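Just so you know, the sequences run in chain order A and B. Sequential numbering of the first sequence, starting at 1, is according to the working numbering. Sequential numbering of the second sequence, starting at 1, is according to the working numbering.
Hint data in this document are derived by calculation from the structure and do not stem from the laboratory. These numbers were taken from a predicted model, which means no experiment stands behind them. Any given hint could turn out to be false.
Covered stretches of chain B, going by a simulated chain A footprint (3 or more residues, C-beta under 8 Å) [said to hold, decoys possible]:
(1) 75-88
(2) 96-102
Here are the in silico distance ranges between beta carbons for each label pair [to be verified]:
(3) A:G151 <-> B:A64: 23 to 29 Å
(4) B:S132 <-> A:V70: 19 to 25 Å
(5) A:S85 <-> B:P154: 24 to 30 Å
(6) A:G158 <-> B:D103: 33 to 39 Å
(7) B:P102 <-> A:D9: 37 to 43 Å
(8) A:D213 <-> B:V104: 51 to 57 Å
(9) A:M231 <-> B:L90: 48 to 54 Å
(10) A:G118 <-> B:A64: 56 to 62 Å
(11) B:D129 <-> A:P216: 51 to 57 Å
(12) B:D169 <-> A:E153: 17 to 23 Å
(13) B:T72 <-> A:G158: 55 to 61 Å
(14) A:V33 <-> B:R156: 24 to 30 Å
From chain B, some residues computed to sit far from chain A (all C-beta separations above 12 Å) [what the hints assert, rightly or not]:
(15) L20
(16) R27
(17) L37
(18) G42
(19) Q60
(20) A93
(21) V140
(22) N163
(23) P165
(24) G181
(25) L182
(26) E184
All C-beta atoms in this analysis are idealised placements derived from N, C-alpha and C, irrespective of residue type, glycine included.
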Amino acid sequence: MRHLLSAADLSRDDAILILDTAGELGRVTDRAVKKLPTLRGRTVVNLFFEDSTRTRISFEAAAKRLSADVITFSAKGSSVSKGESLKDTALTLEAMGADAVIVRHEASGAPHRLAHSGWIDCAVVNAGDGTHEHPTQALLDAFTLRHHLSGGEGALDGRRIVIVGDVLHSRVARSNVLLLHALGASVTLVAPPTLMPVGVDTWPCQVSYDLDDALPGADAVMMLRVQRERMNAAFFPSTHEYSRRYGLDTRRAALLADDGIVLHPGPMNRGMEITADVADGSRSVIVEQVTNGVNVRMAVLYLILGGRAETDVWEMSA
Amino acid sequence: MAHADARRGAQGPRADSRVLDAADIARVIGRIAHEILERSHGPSDIVIMGIQTRGVPLAQRIAARIGEIEGTPVPVGSLDITMYRDDLRLRGARPLEVTDVPDVGVDNRVVVLVDDVLYSGRTVRAALDALSDIGRPRSVQLAVLVDRGHRELPIRADYVGKNIPTSHDQAVRVRLAEVDGLDEVTVEG
Chain A
1 MRHLLSAADL
11 SRDDAILILD
21 TAGELGRVTD
31 RAVKKLPTLR
41 GRTVVNLFFE
51 DSTRTRISFE
61 AAAKRLSADV
71 ITFSAKGSSV
81 SKGESLKDTA
91 LTLEAMGADA
101 VIVRHEASGA
111 PHRLAHSGWI
121 DCAVVNAGDG
131 THEHPTQALL
141 DAFTLRHHLS
151 GGEGALDGRR
161 IVIVGDVLHS
171 RVARSNVLLL
181 HALGASVTLV
191 APPTLMPVGV
201 DTWPCQVSYD
211 LDDALPGADA
221 VMMLRVQRER
231 MNAAFFPSTH
241 EYSRRYGLDT
251 RRAALLADDG
261 IVLHPGPMNR
271 GMEITADVAD
281 GSRSVIVEQV
291 TNGVNVRMAV
301 LYLILGGRAE
311 TDVWEMSA
Chain B
1 MAHADARRGA
11 QGPRADSRVL
21 DAADIARVIG
31 RIAHEILERS
41 HGPSDIVIMG
51 IQTRGVPLAQ
61 RIAARIGEIE
71 GTPVPVGSLD
81 ITMYRDDLRL
91 RGARPLEVTD
101 VPDVGVDNRV
111 VVLVDDVLYS
121 GRTVRAALDA
131 LSDIGRPRSV
141 QLAVLVDRGH
151 RELPIRADYV
161 GKNIPTSHDQ
171 AVRVRLAEVD
181 GLDEVTVEG
């Protein structure tokens, strides 16, 4: 694994390896010394062209726990606001000797461009590109689901996951559908027809427009944020009507399987796609998702920067 | 961690010779258990930590043997040193194994690290680093089933099952019932 650009790049075995690694690395969090020397001397650049708090902090914490040096670069207050292109920014990073670039960009495909243009030689991790993908979010969701539904081991075979809300603008939904499908789960997307992307019928999932119909017996429901900052048209009549038809309240949460859980990638619009009762309720694993995010990103950085061995000889000098 | 045999590949016929069989290994475990007890004047404060992967079953056997001798169980755990290796750039990332610290912890304890083969000493160096991130033992000792020489660091074992002089291009292969289905140590090449 050289880059992590899309959840589609991950086979079932790749995904399980990342989740297993994250599980072991999570134990470091419980120790007195929450740091590993593994990436000492490596430089990780956080390249954020779009606002993000939790993803940037999560990657930063992950890189620092592995002893990498972290340079954070956000578009505001940088040369990007003076009109510097992605290419020139990339060349600057290359000249600084970055080993990995974590990139978030408002344009879908920007991480792919960065990885395959030949501008830079380092590893590229997609931290969210436009409405395309957000693979580490999908990995941390899968980690959280696996912890609760499969005892923290193996895959998610036969589990039924419902993803609800603004699928059209959601990179989280796309990455999750691909990854959860690879892990053997059955995914149902629920959204108003106006918020369902064109071509969703080619995704490996079911599609429904009725939340009450999709929820009964599901093992987990993932609520997506309504991304008003990306909306330049009227996708639904009113906030009230949206939350009445597609919001998760206590009554709907009770339709889940007995040990069913509630996820949200954050940041939440409380009272819109999810009520405060459910967000803070016993089924909610939303805070846990944040903790798991650091562990999963540590695993990704370790596996990517560790790279493939130069030989496939598995000899060790004990 | 001594399956160095893959390196040799298909280089024609090998002269494999068995240097320890199952009964020998059982005797070695018993002797090391006695030596640990003798040096520590009894089992109190001892924590046995096996280095992944084949150090772990050895550690469990030594701990069980000490338990039989003294009538009280000693805490036993496992240590994965993958994240502490100094050869990540050369050999790449590899899957992690379980690190399991006994509930009593390692602070102020006498920790006995256990591994199957002592060779360059780099694994033990990594294990010492890993251990110091978990806690602060009163002292750390090292027990190995086989010492094959060729140290690259100033590290020595406190308890050695068998010293086996080898050349660099030989491979010492330890097989243990828990991992490989049988107990034996062979020198290949």
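Broken hints, numbered, in rising order?
5, 12, 13, 20
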